[in-house]
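K.L.:
Given only the sequences and the hints, what does the whole structure look like? Please build it.
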Amino acid sequence: MTTVELPNDLADAPPQVDNLDALESEAIHIFREVAGEFDRPVILFSGGKDSTVLVHLALKAFWPAPVPFPLLHVDTGHNFSEVLAFRDELVERHDLRLVVASVQDYIDDGRLRERPDGTRNPLQTTPLLDGISENRFDAVFGGGRRDEERARAKERIFSLRNAFGQWDPRRQRPELWNLYNGKHRPGEHVRVFPLSNWTELDVWRYIQREKIELPELYYAHRREVYQRDGMWLTAGPWGGPREGEVPATKTVRYRTVGDGSCTGAVESEAYTVDDVIAEVAASRLTERGATRADDRLSEAAMEDRKREGYF
Amino acid sequence: MTETTTRTAPDSGTEVTLPVHTDLLRLATAGSVDDGKSTLVGRLLHDTKSVLADQLDAVRRASADRGLATPDLSLLVDGLRAEREQGITIDVAYRYFATPKRTFVLADTPGHVQYTRNTVTGASTAQLAVLLVDARKGVIEQTRRHAAVLALLGVPQLVLAINKIDMVGFDEAVFTRIAAEFTAHARALGYRDDAVTTIPVSALLGDNVVERSANTPWYSGPSLLEHLESVPVAPDPHDAPFRMPVQYVIRPRTVEYPDYRGYAGQVAAGVVAEGDEVVVLPAGVRTRVSKVDTPDGSKPRAAAGHSVTLLLADDVDVSRGDLIAAADAPPQLTDELDATVCWLAEKPLTPAAKVLVKHGTRTVPAIVTDLSARFDEQQLSSVERPDSLQLNEIGRVQLRTAEPLPVDEYAASRRTGSFLVIDPADGTTLAAGLIGVPLAPLAAASE
Numbered sequence: 001m002t003t004v005e006l007p008n009d010l011a012d013a014p015p016q017v018d019n020l021d022a023l024e025s026e027a028i029h030i031f032r033e034v035a036g037e038f039d040r041p042v043i044l045f046s047g048g049k050d051s052t053v054l055v056h057l058a059l060k061a062f063w064p065a066p067v068p069f070p071l072l073h074v075d076t077g078h079n080f081s082e083v084l085a086f087r088d089e090l091v092e093r094h095d096l097r098l099v100v101a102s103v104q105d106y107i108d109d110g111r112l113r114e115r116p117d118g119t120r121n122p123l124q125t126t127p128l129l130d131g132i133s134e135n136r137f138d139a140v141f142g143g144g145r146r147d148e149e150r151a152r153a154k155e156r157i158f159s160l161r162n163a164f165g166q167w168d169p170r171r172q173r174p175e176l177w178n179l180y181n182g183k184h185r186p187g188e189h190v191r192v193f194p195l196s197n198w199t200e201l202d203v204w205r206y207i208q209r210e211k212i213e214l215p216e217l218y219y220a221h222r223r224e225v226y227q228r229d230g231m232w233l234t235a236g237p238w239g240g241p242r243e244g245e246v247p248a249t250k251t252v253r254y255r256t257v258g259d260g261s262c263t264g265a266v267e268s269e270a271y272t273v274d275d276v277i278a279e280v281a282a283s284r285l286t287e288r289g290a291t292r293a294d295d296r297l298s299e300a301a302m303e304d305r306k307r308e309g310y311f
Numbered sequence: 001m002t003e004t005t006t007r008t009a010p011d012s013g014t015e016v017t018l019p020v021h022t023d024l025l026r027l028a029t030a031g032s033v034d035d036g037k038s039t040l041v042g043r044l045l046h047d048t049k050s051v052l053a054d055q056l057d058a059v060r061r062a063s064a065d066r067g068l069a070t071p072d073l074s075l076l077v078d079g080l081r082a083e084r085e086q087g088i089t090i091d092v093a094y095r096y097f098a099t100p101k102r103t104f105v106l107a108d109t110p111g112h113v114q115y116t117r118n119t120v121t122g123a124s125t126a127q128l129a130v131l132l133v134d135a136r137k138g139v140i141e142q143t144r145r146h147a148a149v150l151a152l153l154g155v156p157q158l159v160l161a162i163n164k165i166d167m168v169g170f171d172e173a174v175f176t177r178i179a180a181e182f183t184a185h186a187r188a189l190g191y192r193d194d195a196v197t198t199i200p201v202s203a204l205l206g207d208n209v210v211e212r213s214a215n216t217p218w219y220s221g222p223s224l225l226e227h228l229e230s231v232p233v234a235p236d237p238h239d240a241p242f243r244m245p246v247q248y249v250i251r252p253r254t255v256e257y258p259d260y261r262g263y264a265g266q267v268a269a270g271v272v273a274e275g276d277e278v279v280v281l282p283a284g285v286r287t288r289v290s291k292v293d294t295p296d297g298s299k300p301r302a303a304a305g306h307s308v309t310l311l312l313a314d315d316v317d318v319s320r321g322d323l324i325a326a327a328d329a330p331p332q333l334t335d336e337l338d339a340t341v342c343w344l345a346e347k348p349l350t351p352a353a354k355v356l357v358k359h360g361t362r363t364v365p366a367i368v369t370d371l372s373a374r375f376d377e378q379q380l381s382s383v384e385r386p387d388s389l390q391l392n393e394i395g396r397v398q399l400r401t402a403e404p405l406p407v408d409e410y411a412a413s414r415r416t417g418s419f420l421v422i423d424p425a426d427g428t429t430l431a432a433g434l435i436g437v438p439l440a441p442l443a444a445a446s447e
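Those protein sequence lines, which keep their order, are chains P and G. Numbering (UniProt numbering) for the first sequence: 1 to 311. Numbering (UniProt numbering) for the second sequence: 1 to 447.
If you're looking for bench data, these hints aren't it; they were derived computationally from the structure.
Straight line, CA to CA, 30 angstroms or less: simulated BS3-like cross-link-like pairs of lysine-lysine:
1) G/K101 with P/K60
2) G/K101 with G/K299
3) G/K101 with G/K49
4) P/K211 with G/K49
5) G/K101 with P/K211
6) G/K291 with P/K211
7) P/K211 with P/K60
Stretch by stretch, here's where chain G covers chain P in the computed footprint (C-beta under 8 angstroms, at least three residues):
8) 28 to 34
9) 64 to 76
10) 146 to 156
11) 168 to 182
12) 191 to 202
All C-beta atoms in this analysis are idealised placements derived from N, C-alpha and C, irrespective of residue type, glycine included.
P.N.:
This is the structure:
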C-alpha cells in the first residue's frame, strides 16, 4: 500500500494571514504575472471604487518603480463631473498615462447612434474594443468581481477574448493553482481580473485600511434627483427628468459609479468609510440590483454584454 | 481570536457585527449529480445571509416565469444562460460568504460526468473539500473517485457530508456505517483520521448545516458551518523549505531609487528572512537576502502566500523564470519530469507530443517521452502503456524539457510541484501536472 504524504501537519502552522492581506497578495501576484508575460497591458479605469483599488494595487505591485501600464478610460460623455476631476487628479498625482476612448466622438461622427432609452452604457463596447485593437493592448485589467453577478461568478481571472473581443463561457481554460495561462494569438487579448475573489465589503474594508481616496459621490451628500424605475437618478445632459418625474433634493450616495444615465443613487446617511461599511454589511440589496438599470434589462443581461466584449 | 466591532448601520438602525480581522478559507465542493450539492450550497449562502433580497427576487421571478410553484434555488448559482436552459451546472463557479469568524471562497464544482476536469480545477487551490453522499446510497464509486482525485491534488482536509439523513429517519446506524467506510477509504488514500470529518446533514431541511440539529441527538460533532469556521488550515506549507519563483525584476531607475534592484514574487513555500542564505536556480548562484521589501516597508520575514520583493546581497543575474530557494534545501534541477497529469482538453495526449510546460514563472518547450500508465476510472486500477489520454483521464507521463527546471515533489510543495501543460499551437491549457505523484493511491481506491 502506497500512501501520499498530505500536507496536513497543521497544528504547528503559523497563524494565517489576514483575509485582506491574502486578497492583496493574490492581486499583486496577478499584476506581476501580467507585467512579466504580456507586451502591452492596460488598466481599464472608470473612476469607480473597484478601478481605483486596482490602481492602488498596481502602485503597490511595482513599488518603488512606476506602474508599467497606462489607464484606459471609456468616457460615455455622460460621466459625472466629479469622477472626471478625480480621474485627472489621480493620473497627475501618480504620474500615470491616460488613454481616453470617447463614446461622444463615435456618436458625433455617426459610428454609433444614440439609443431610444438614452442609456449609453451598452454603447461603450465599440469604443472599448477599438481602443484595445488600435493600441494593440494584449492584456486588459478590469475591476470585475465574481460576487457582483452570477455570470461574473463564472469568470476566470485570466479570460481569453477572441479577435472580436468576445467571451465564450463554454470554452474557458481551466485555471489551476496560481499558474495563469496568458497565451493568446495575435489579435486576441486577455481580460484580467485581479479582484475576482473580493466582495463589495472586502473592497470597502480595504479602502478603509489603505485610506484610499474615492470620488465624493460614494459618500452621502445632498443632490437633486428624480425617481425612475425605483432608482434615484441625477438630472443631467443624459435626459431627465422627463415629464411626470419630479425632482427632489435628497441625501444620497452612489454604490457604483458608471454612466449617469443608468446609475442610480441610494438614499444614505453614510458620510464616512466606516458608515459605508456598516451600511453595506447591513444592506439587503446587491450593489447592481440597487443601482444599475442596464442589469435589469433581462435575466442574462450581464452575460450577453460580456459575450459581446463588454466587461 | 477574531475581533469584532459593532456598529449601527446609518440607514436602517440595524445592529451589525463586523469582523475586523478574519482569515480566509478556500474550499471546494464535490459530489455526484443528484446528491443535493446545489441545495447545500444554496443553504449555506442563504443561512449565512449571503443571498440578498434582489437576488432572491430575481430567482422568484425566473421560477414563476418557468411555471414553478416554489423558487428554484439552483437558479441562484447557475449563472449562464445555457445552464439555466438545460438545468445543469456546466462550469466551476466561485461563491463568497462570510461569518464573523471567517471569510470563505467556495469553488462550486459541477457533479457532471466531466468530473475530473472540474474537480481538479476546484481542488487545485482548496484547503478543504466538502464531499457529498446520499445517505440512502452511501459511499458509491463516484465518491471514491472524487476522494482519490482530492487526495491526488493534496487537498489537506476532507469533509464527508452525509446528506438526506432525514430520508433514512435520522438513523445513527446508517451514519456510522457510511462514516466508517469513508474514513477507511480516506485512510487508504493517505489521510490521517484528524483530517477527515463526517457530518450527518439534511441540506433541504437545514439539519446540521448551520445549526446543530435536534433530530440527531446521537451526533455530538459540529455543524458543517461550525466545522468550516474552526478547522485549522494553513494556506500553504510553512514548514517546507523556502521557494519563490521570480515574477518580475523591479528597477525604478528614478532619482529617488537610482540603484534599486528587487526581485518580485509570491512566496510559494516556506519562510524567508533577512540574512537567509539562498540559491538562485537554474544558475545555482548562492547569495544572501539583504532585505524583504514590501510597499508598506521592509519586513523581517515573509511566509508562503505573501507577495514581496527580495533584495540580494550580491550583484547576481536574476530574471523572470528563475527560482530563489533555501540554499540548504534546494529543489531538484532536472529536465526529466516524472509526473501524473490530469488531461483537461478534448485533443488527446499522445506519446511524442510536443507541448509547453509552465512551471512557476518559467514556460519551456517539452516533449512527452513516455505515457506509462492510465488510471482506469471504471475499474479503479492502472492500465499499463495506453495509446493515449483522453479528456478527463488521469495518467502517468514522462516529459523531457528543453531547459532544466527546479522542481519539488507535489506532495511536499503544491506550488513548486505543479505545472501546466499548454498547447504550443493555440495556447490551450491541456493538462494539470503533478510532479512525482504516483497513481497507486488512485488504484487503492478500489480496495
